[in-house]
Amino acid sequence: MVKQIVCDTSAIITLFSAYRLSTNKEKYLEGLKKYKLIAPDSVHNELEDFTRRDNDLGLFARESLSYKITFQSVELEDIERYKKILGVAGHRGITDCDIACLSLAIERDIPLFTDDFKAQFHFSAFFDDHDIFFGILFVCSILAEFMSKSEIFGFIFDKLVPNRWKNISLRNLLTIKHAVSEYLTHDGGGA
Amino acid sequence: MVIKMGEIISVDGDVISELAPYLEEKKVSQSLLVSTILKDILFAEKYAKANQTYAIVEQFLVDLYRMGILEYKDLLPVLGFERTLDVTNTIRTAKRFKTWLSR
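Protein sequences appear in the order of chains A and L. Each step along the first sequence adds one to the number in this note's numbering, with nothing skipped, and position 117 is 117. Each step along the second sequence adds one to the number in this note's numbering, with nothing skipped, and position 72 is 72.
Worth flagging that the hints you see were computed from the coordinates, not collected in a lab. It is possible that some hints are incorrect.
[To be verified] Within a straight-line C-alpha distance of at most 25 Å, the following computed DSS-like cross-link-like pairs (lysine-lysine) qualify:
#, chain 1, residue 1, chain 2, residue 2
1, L, Lys27, A, Lys149
2, A, Lys34, L, Lys39
3, A, Lys159, L, Lys73
4, L, Lys49, A, Lys118
5, L, Lys95, A, Lys149
6, A, Lys36, L, Lys98
7, A, Lys33, L, Lys73
8, L, Lys73, A, Lys149
9, L, Lys49, A, Lys149
10, L, Lys26, A, Lys159
11, A, Lys118, L, Lys73
12, A, Lys36, A, Lys84
13, A, Lys118, L, Lys98
14, L, Lys73, A, Lys34
[As the list claims (entries may be wrong)] Not everything, but these chain A residues come out facing chain L in the computed CB check (under 8 Å):
#, residue
15, Tyr19
16, Leu76
17, Gly93
Glycine included, each C-beta is placed from N, C-alpha and C at the ideal position.
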């Protein structure tokens, strides 16, 4: 069965950065096709803006728009309602687009994937009963279909992170490291 | 620090005998503990050149938390309230993601 998920712009960029950098694109796409990617229209607009850039981000955005993603509109009322719940009227770096993703995921009762770590922490604190995951973990699960654990770890930190996040902060680097290590660990052991 | 390939790592016997029952209780093997420390140092050396000391400390504390040796409250004095919330949420998110995948 195809699982439906909502992805925000940051998660989509991560997904297609990994696709671009993957040495086995066919198997990567095979894994990706097990999911139906859904995003609000505002994500489409953000991706289109990125495509105009003459850098890696532009390249990854163009890659993502050539893939079938279902874009849907989100009512302004819904965005305003979630804004009130979250108390984030334009601060903490959380945008209307982030909130539109959250709204879509909650209304459809499907997981949200984001690599905006601040937004993930904030949303999780308010909607603890909803699945709000990191896009990079989704990438790990796709890679796990054809790579060993040590290959995944190497791919993430030698290839994906330096290309996807230029000048990444130590804080975000360590957040990714903790998440990936936990994902790659069987229960009861360390990575 | 240089560890040569194939070098036998010897650890003080007294340390092992004192540590063993504690690790056994937590179901953590001595090899896992040593391997975790070495991996954390290597990660800091390779990827966290800006502040290797902090990177080693945070990784080690979080790994001990993941193994069940440390608790949330044990992270607070070193990582502070905000970062402790962030890292424990990160671990919970990854665990939850694995559960979601297996559904």
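Item to check | Numbered hints the structure breaks, given as an ascending list | outcome: Numbers 2, 3, 7, 8, 10, 12, 14, 15, 16, 17, in rising order.
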